[in-house]
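Q: One letter stands for each residue in the lines below.
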Amino acid sequence: MGSLEVWSLIKQGWRRKPEQEDKVRRLISNLPYEDLRRKYQPNRQYANNSIKTTKYTVWSFIPMNLFEQFHRFANVYFVVIAMLNFVPIVNAFEPGVALIPICVILILTAIKDAWEDFRRYQADKQLNNMPCSIYSRKEKDFVSKCWKDVRVGDFVKVVCNEVIPADILLLHSSDPNGVCHIETANLDGETNLKQRQIVRGFAAPDGSFQPEYFSSIIYCEKPSNNLNRFKGYLDKPDKKKIGFGKENLLLRGCTVRNTDEAAGIVVYAGHETKAMLNNKGPRYKRSKLERKVNTDVLFCVALLFIMCLIGALGYFIWLETFPDIPPFVPPDSNNNYISPALSGFYMFFTMVILLQVLIPISLYVSIELIKVGQIFFITNDIDLYDEETDSRIQCRALNITEDLGQIKYIFSDKTGTLTENKMVFRRCSVMGIEYCHRENALRLGAQCETISDDEDIVFQKPKVPSRLQYRQKKGISSLRRSQSARTHMGARYQSEVFTITNEVAFSSPLETDVAPDRRLLRVTCDEKTQIQEWCRVSHCNGSASFMDFFLALAICNTVVVSTAMLPRQRVHSSTLKTGGRLQSLLKRMGSLSHIVNSFQSIPEKSSKSRSSLKDVKEEEAEDYSDSGSNNPSRRNSSASHHSEEERGTVSDPNGLCYEAESPDEAALVYAAKAYGFTLLARAPDRVTVRLPQGAVLSFEVLDTLAFDSTRKRMSVVVRHPITREVVIYTKGADSAIMELLDCHENQAEENKRKKIASKTQRHLDLYASAGLRTLCIAKKVLSEQAYDDWASIRQEAESTIDNREELLMETAVHLETNLTLLGATGIEDRLQDDVPATIAALREAGIQVWVLTGDKNETAVNIAYSCRLFNQGDMVFTLNTDSREQCESILDCTLGEVRRYTAPSQSWSFQSIVGAVMPTESTGPTFGLVIEGRTLSMVFEAHLQMKLLELARHCRSVLCCRVTPLQKSAVVKLVRNKLKVMTLSIGDGANDVNMIQTADIGIGISGQEGMQAVMASDFAITHFKHLKKLLLVHGHWCYSRLAKMVIYFFYKNVMYVNLLFWYQFYCGFSGTAMIDYWLMIFFNLFFTSTPPIMFGIMDRDISAETLLGLPELYKTGQNSEFYKRATFWIVMLDAFYQSLVCFFIPYWTYQGSDIDIFTFGTPMNTVSLFTILLHLAIEIKSWTAIHWGFMVGSVLLYFIVALIFSAICINCNPPSNPYWIMENQMADPVFYLVCIITTVVALLPRYIIRVLQGTLALSPLVQARKLDRLSTEARDQQIKNWKSQRSPSEVPTNLVSPVDSFSNSFEQSFYNSSLEREMPDMQWDSNEETQNTFSKGHRRSISTMTV
Amino acid sequence: HPRDVRTCETNKHRTGSSGEGTTNRPDNTAFDQQRLPAWQPVLSAGIVIPGFLLVGLAFIGIGVALFVTSRSIQVLEVSAPKGFPPLAVPPTRGGPVFLYYGLSNYFQNVRGYGCLAMTTSSGGTCPRCSPSSSCAPYQYDQNTTIAPCGSVANSMFNDTFTLYQLVNATRKTVPLDGKGIAWWTDYNIKFRNPPEVDGSLAAAFNGTVKPVNWPKPVYDLDPTNPANNGFLNQDFLVWMRTAALPDFWKLYRRITEGEYASGLPAGNYTLEIQYNYPVANFAGRKSVIFSNTSWMGGKNQFLGIAYLVTGSLCVVMSAVMLIVYAKFNSPDEDF
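So the sequences go chain by chain: H and L.
Residue numbers for the first sequence follow this note's numbering, so the first one is 39 and each next one is one higher.
Residue numbers for the second sequence follow this note's numbering, so the first one is 10 and each next one is one higher.
Calculated directly from the structure, the hints in this document are not laboratory data.
Careful: at least some of the hints might be erroneous.
Using 27 Å as the maximum straight-line C-alpha spacing, the simulated DSS-like pairs for lysine-lysine come out as follows [claimed, not checked]:
| no. | chain 1 | residue 1 | chain 2 | residue 2 |
| --- | --- | --- | --- | --- |
| 1 | L | 336 | H | 1321 |
| 2 | H | 232 | H | 284 |
| 3 | L | 336 | H | 1318 |
One chain only, chain L, in its complex shape (with noise of 0.2 Å):
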């Protein structure tokens, strides 16, 4: 009888839709119903007054720290040299003293300028390594691969200096060092010469030209040296790692030998230098800086000063915070 079926059905259905287990109630977690612990903080003068405090002092303390290591840094600065500077060098402390060259208004960092193929070739010879399209248009002379290739290495700075300690009116060479100043990464990892071909590396370059604004091959850059060259040139390795601003240095060479290793002693010295690298063309300046260096890198007067500043400012903060305090902080809402 259909009533009859229709009570029993009517409740099957209704059991069915809310019988036990299925139902529909949100689960009662801290989660769910957003009632996780959770840690308040209530920004306010009491409660930073210390936290000011410490951080200015201890920003104070970093800042004459930071300030007392830059002041014993010695730099010395020849803007513009030409020909055989003299120098009057007062004594240093420390050593070894490093000898910089300086661009300035060189955009090193110019996108299209920093383009460069051929570092680490997979180790075949160069034939087969072809250079990357983005060395365009120093990629290829008169379609015959450029090694190395891109406008960085077409550009490279090749002023040299020699450097003389004037002792009772003779020049007396001091020595300088040109191992290890380039990135052990670069020198180990990065860049890597074409395997060498009976045991010679101009060999392995046969098939590629020196690039067009160099006056040497890229495997005959330091006569000198002979491990010095082809790729793994160091003074190649550090014009390759692309400055980050128009006004730069790039280490030249350390004094790390006999009486200079510790510093260049106070005397006279006289810098020769040979002028190969045009600046007029975007009205740079060249100069050359002797410096040495500490924990903290270079010289940098700013950092200390900046530390000192912002503590300074940490602690007259919480000094108005204090006024704050007592000024609107009530007891009665002290709560």
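Bound-form chain H, shown alone (with noise of 0.2 Å):
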């Protein structure tokens, strides 16, 4: 390399800011400049891979520590206070005293954050130090480093199952695909594989990979965190252009899977990269409380301000009332006297100084001890733990937790968070016919009840053995096929069968299995018959449309197939018509086989398992027999199955992994295969699919359109391997397919496509109407000149950067136009354990639950009713309109009709306000609101907000459908702002996001979809029924908790400043304490301030039990109240008349006496401390051991440090020292006496008022708490009593899931009609007749402008 050339590179380098450093990132290789001084580097100035997520460094602690913490308010108070003492006029107290206080809180703090911090530090180096192998030119292999020694610009090796270290450019893979697999559980949760592909033109054809020849230039997009967004380019030094993007990077955290070793450059590093700009830390947000709270903080600051000034005013008075200057009147040191104005100027601040516990400072840190405490019992509770993710509750914000008792409004999703998103094929639509297919509801309704069986009697032991063993005994022969399926499960999980793991979706064997109908069935092998001609026929008219279906399920998608048990394709391998591409595939799958052994041994472990296994293949062998008259190649395959079976080679057919982004790809792909469709192989420009009579067909994949929401529809684009046909095989929602179908130019033909439309859209409706969710598949097959057109605008697009999506978009829909429709599934999302109860519950407990949904106007209502959203005998609105005008009236409409209802009601409630114990069910219907997306946008262009809100608080529920996630946010932001109401939104997809960021509370569900809204939210749970006991236990609790605490503390504070207020009558205003001020400072530190934290953490005023069995005891704390304006001020009250007792019987009794200060103030501490810790014990509810312990402890301790203190204390606080002072006193009767009566004359009144209440129990949680003492049978029948007496006309809750029941029942019928009726036209009417009687009852729709 010539001087030159290191010039111009050093030139290169040199250049501090590249052009475009504004816009895009440039990077170049580092490998030119390895051995180069910093400063040479050309991308020195990008972050390096070690990451620093700690906040401090050891010097840097102090001083950054302090600074944080002086920004919260009380603080900077304290501070100001403690540095007051040190101005000497005003000086109440030691001024180093007084700063202990502060320190302490300071101290407490800091240590917290020091250990946080340190242990991130930890983490960090953990991290740094992992290894990874990055390039050397010197070595000219790649060697092995530390992951913080990774550079922008290096070369960086991972190996299968390594951690990618940074997020790097992929350019060479192992893969002869070019492809990388990863698993990005550690980024987003979701444990499905994902593909990347090397950069294009970078796959080299020898397989290897020589970094040095890398001379490119890459641009790409500064760093951000948006992990679905990637894009850039290199400049190759021929001026070539190359494009790439997500699909090229590697992101740091995922994991390399299924690749022997991928390598690449790195773009992003350390800080810089999408994991780490992602990774938030916990979220702070101020609870409705905490507001509260603050406002009361200033209300104590203004009553401070007026005893300050009562004080200042009272010393100038005081002063001016003497004839002359008294001998106890201090000079200054100077020996001059002061103006009394000035004087009293000055004691105004000597009284802030005297007074300033006033303000509870430690209260803040109380509460966060208290929430730490908190928070520990809700992430320990069992009831709230997962355990099939072994995973307990999170909870990511730590300071909202007293806002889980005062919801109002739910805003939930529905899919996968009412519903299981676990998708299961139930029907299926084919060029207007309908299959309902029996087989498999039945098979599901079988499966549901072993299931719950099986939970009942198994519930720590291993899972599927004896499941395995449940199955045999019952013989349930549906079940035979999943049986199947769980033995592929064992082979994935060979090493812990024992233990229960569902980490990947779609797994179970409700979603990969598929019972098919026997009438589509046949209907697909007479097609089979005719494959020969479709083989021959370059276009076969129609006929072939089932072939194409299934192929369509079976193509159209973007799994991955991840595991495959090969021999048995080899064996078909030689009736293969296409190429060699597949066998190389088939052959490198080939040494897979062990792996298909040791699968087979697994049943071995368990000989019941085992003869279990066997026994249902044979029934299943007799099964196919029986059905075999109608599909004579099944039994051929299932035939050769058997005899391969017996070789001892073969595996289960079942023995493909499917990994889908989607549970809805995975459903439809394992449908496809139920009928011999089965997907082997995706590589990213070919799919590989085995024909039920065992051909292999391999489609060269021309493009994919993917996804996304605007389209609402995704297309592959396969030339077909033998018509050569350019086909686009599209499937998406059904308003977005219907809308692009063709018109044939024949007029017949256009006819009968009309009538298949029109059929296909009623069964549509009818799935919808059923709750399943629906997808149209239609294909198009293009000629090869429109494609090639077609292909170079795509290409053109791709190698866009600035508005590559759009352009892109455009050109997909420029596609997807003219499609002929095949047919239409319909995929049931379950629903999840318990939803229907939870919600029963949360409604009870006066909480109302909007469901917010994407999904189509009939499944969501239908999901509603099923999930108790709506009942039966409620009245539906449905709002559902384009006109703004309409929309108004419509809106002014319903509100009449439902205000003419609900008048009679208002009495009612009235009652129930008066008498607890009223039967408090209203005898008017209930309502119920369906609103549209596009209504509902609406409602917020026309400003009708509050009209719908008037709507919607006369509803039980409200139901959106069709919303954006912009628009579910707006709808929990109008809730939220114009109600003025406590708000929480649940939801588990990244379509959630918004709407969790913008309710009081989010709460994401960690399930099938990722991690987004899990990040996104405050507390993460795994099931929705979680939410009740969330809320109705620990919301309650921790609201009931903190807010009676709080009003605790303020009391406390206000009761024992003011005895120091009083005595200020009786020592000329002049700030005098009457109590030693160490003994002072320690009351507010040690011996009052443990019990209030421990009550905030443990009391329990009601069970969990009587909490989860009476939800309406969480409307206590719905309406705030324990903590309203009136307790706060009605506490300060009883501060004042509790301060007033403790000072004046004192002071009579010790008047006119020669007792000196501190004799006469120690009593009142004592009095105080008795009546404030007995007040506390009033309040605290249930007495466990921990409550008893504290609360003597701090008797205890009060008097062992006041003697100890008293006795060593010889000279502090001259001249009247407390030295022996304690000990006089504790020796003298009078003492006690004192403090007895003190106290009980001031606990009277509220001791008697608590019996008053307790006596009346006239509120629920009086009751709810004398049902707590009952015994557990006692109790619950209370309750039974209890509930049947509020609410007459509620029905106890069905054990058998109402969907199931449901959609069985309508199964039924639909199935009995079918029978009875071939006739398409005369099963529509019996569709009909189903949906009347669905929809009989008070439902009505006002208006339904049809789409």
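Bring the two chains, given one by one in their own frames, into a single complex with the hints.
A: Set out below in structure tokens:
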């Protein structure tokens, strides 16, 4: 290399800011600069890969931590007070002593922060020192280094199962297809494998990778936290530009799977990687209670101001009353007397210092400690623990626990939140004919039963074998298919058959296995006989539609096939008509046979399961012979299956594992498989499908038009291996597909198609009303010319950088026209466990539940009924219109109707306030509201929000369907801001993130759809049903505990400080304290601080069982009954009363005697300690050993400390120092007499009121507390009585999940009708019947505009 | 082969994350699950009636005892005495009788007033124990240390009282005992004189001056009793124990000797007062009080009455609760 070259290289590297730096990142390989110093490195301005998430360093800890702590108003206030002590004119205490409390608080907080930071430091260190391979020019190979050594521009190699150290642009993969599989579980929790491809043009033919020759310049985006956005291009030395995108990027934190090794160049490192940019710490929200506390603190400040003013004025007046200067008024140190007015002014500040405790500074620290304790208990709740995923509830926001107890509105997502988001294929309609899959439905029903039985029988025991046993016992023939799926499960998790893992979605037998509809199977079999024809004739004129339908199901998706069991394919590969590529693929997979063998050996671990397996296999065979007449090919295949098994070489036919990004896709692929159309492999440019009769087709994938929410559809463009046609398979929402159907020039054909389309549309409506998710499948055959034209446009779009997304979408829309409808599918998304019961309980608790979903109207309404959001007796209004005027008039009209019904029930609500035991069920109908996304946006546009809210308030539930993520958050915001209520959003997907962040509390469900929702949430749970305990029990507890604690804290400070204030009237307002300042500080710091904290963490006013049994108890929290404005002032009055008692009883006792200051103050201090602690004792509702320990401990601590202090403090606080005063007092009987009577008189009013409350038992809380004292059975009986008393019309919860019972009966009737009357039109009649029965009751549609 | 490896590694990975022993399952303990056995009292009328009754009766009992005791204590207060006020003392039971002086509207508890240093000054010679700055402005008198310094000491009460019994028109001096009127701890532990120099206390205070308002230096407070001088003078100690309230008594003497030991015999007495201490500048009044004591200290009607009232209130409350109980605790709710 010539020196000139080196110079130019250096010059290149020297440029500090490459052009376009503001918009894009430009980087080049580091290799040519390997040995140069840092300042010559070309990419030095980019962050390196060592991460530091700590906030502090050893040196900066103290200043930075202090700086942060002083951001809190409370701390600043306290320090200002402490500083005030050092002003000589006003000092009340020893200045040094005044610093102690603030120092203790600051130190405690600092220790907590330091510990947290240290843990982060350790985690960072561990990450930074993880090993990785970086290419070195010197060694001409990859050398092992640490993560922290990785820089932007380095070449890094990752091997299988290694975690990726930085964001790497993939340039090399050991995979011949140039793909690299990664698992992004660390990043977003999605466990399915994702494919990444090497940048186009970098696939080295010989599989080698030589970074030295990489001379391109990389331009890419600046770092951003958007995981799904990455684009850029390579500027090759020959000026050719190669575009790349997120499919070429390996993300830090992901794990390489399934690929030997991959290598690439680092584009983002360290803190600039997408993983780190997404990693925001816990969120800090301010809770409603805390906001209230802050206003009350302001009241305290006002009170303090008034008291100080009184002190200042009093001092002035007091000084004025003397005819001459009295001997006890001290001059200043220069022997001058300052004027009374000025002295009064100074006295104001002295008073501030004296009475500073009125502002409960330690309150904030206490609240924080309490919340830590509360979160400890929430996360430790075993009821909120999910066995399957081994995960507890996560509390991500640390300081809004008490908000959980005040929720009035819940906004819930539907899919994945109310439902499992585990899709089960239920029905399909092909070419206008419905196939109801009765066998499948029966099987699913039976499956449900066994699963629920299973769970009863074996709770802790290993699940898989027991399930097998159980099936064997029952011998339900319909189960056998799921059996085979389960064995495949065993293969995947062979080392842990006995532990329950369900980390990979869609692996439960319910989703993976579909029992084919006999009728449809027959049709497809018929069609299979035509296959030869089909192969010969170029276009088969619709007769092969069934074929196409299933092919579309199998192909038109992004499902990755991850594990293949292959010898079987090899057997058939001899019959393959397609090329060598697949064969080579199969060859490479061939060596997997030993896995197959190992899988075969698993059942031996459990002889029982083994035998049951065999039984099932035999039964299966029988079953097939039963239906054998209908499907000869199936019989053949099962026969060959058996023969192969005998040879001992073959696996289960289900040995494929599909990993899909969306569960619908997997469900469809499994459905296709059930009919013999098995997706075997997917490479970026090729999909392989096995046809029912065994032929394997390999389609060349020309393009994939990915799904997006605007198009609501996806397509694949493939070249048919036999006909060589370019075929587009599209699947998507019915609204999206139906509009795009083509018009045929042939009139008869056109009519036929129209008929099919209208029939399919009817079926779709039927599916939707049965709560199924619908998808339309369509295809289109493209002429070669048309495709070429399109492809060139597409290529252009792909290589642009700026608005690539828009262009790509445009091209997609351009292609997806004139489709031919193939059919439609209905997929069931099963309700999660206990959803109806949870919703019923939440509603009983006075919480309005709104469901916001993107699903279509009918699907959503049906789910709403099945999860009891709507009851059959409810009046359901549907708002669905496009026009503004109509929208307004409908709203008005509906409102009018609702008001007519609700008018009489007004009196009912009044009654419920008066008499707690009155039956509280209104006689009028309850309302439900369904509103469409379009109408919703109309409402927002036309400023009809208030009308909508008014209407919604009258409704039991509101269902918004077809809403966008943005609309979801707009609805939440509307309710939150306009109604001023506490809102909670719960969701599981990325589309719920907006809503989750908008609500007061966001809850993420960690389920099938990744972690975005969880990342944005405040609490993360695993099942919707956990919401019940979280809100009703923990919410109630946290709120009542904290509210009571806060109230108590205010009381405590006011009560204690007022003692000092009253004394000012007897010491000339001079700011004297009659209690030694050490004891005063200890009083707040040690003697009375721990019991309220313990109270705030541990007190249990009502047991969890009762709270769950009587959800209406939650209303106390909703209405903020523990902490209202009135509560605050009542407790202030009580504090004033108690302080008056605590001051004046000792005062009158010692009046006119020779008592000295501290002897006078000691009984007051003692009395206030007793009063304050016993006040708490009245409030404590359950006394555990810990409560006793803290209370007794506090009293003991007081006496011990006071005695020791009085004994050793000979010389402090002169002249009336506390020496031996406590001892003297404790030897005096009057001291005890004063203490007893003062405490009794001080607490008598509160005690009497509490006794009266307890006796009259007006509030449900007291009644519930009485229930708690009963035995379990008696309590359950009482709860039942209570409920029946209050809501006689409430029906007991069905044990059978309503959706199942409903859909089963529906299924049944539908099936019967379709059996009896084969005519499709007749079938439709029966559909209408079911629809009619379905919509009977009060359900009304005020307006329904068709799409 | 990659797929091969993946399958095995996946298994390993999964067992690693959720293998036995490392489960994330919360402990099922009573503490963690908030199920600790607890006493859950529900305050209701039925339960508290006996409590109220008992407390009420006990309080009434205590109140009666206190009241009786307090009534047995006799107090004779002579307000604003000047010169030789004649006193007719009723027969007193129980001795000894204590003689107090009282000051009203005197705020010994004013902050800043109550400063004093040089109390126990670590036993060195006095020049070594410099007065605390909090004594200012009674710290130095023309750069000489004041002993004792501070405004409390400076404003020490200095009236003197002599009590005579008028027996057949002759004045018979009643012996007043000035020993042990201060707290034992004040005399023995808190306050110390500087060590005597050559057996002389005066020498020990060499280099200090008397407080401005004092007529005599500190080592010469009680010429009759050399041991009652310096910082250990009993009157000084009593004065230094600052009163809590503006109207206060301070013990002057006890009458413990001879025929007066068990109380003053009934008769006429006269009190000779040497009037030194001005009260006009703070509009105060002086008084002299004769009182005997009991186990509960001086006379105090208040505490007894308070107990009686509270006790009665409790009894009344128990009656009210009984009514409430009868009315609202219907049997079916009594579960």
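Q: Each of the hints needs a verdict: does it hold here or not?
A: Hints, one by one, checked against the model:
Only pairs whose Cα atoms come within 27 Å are accepted, and residue 336 of chain L paired with residue 1321 of chain H is accepted, the gap being roughly 25 Å. Of the supplied pair hints, the one linking residue 232 of chain H and residue 284 of chain H holds, its CA atoms being roughly 11 Å apart against a limit of 27 Å. A C-alpha spacing of about 26 Å is found between residue 336 of chain L and residue 1318 of chain H, which places the hinted pair at or below 27 Å, so the restraint holds.
Of the numbered hints given earlier, the model fails none.
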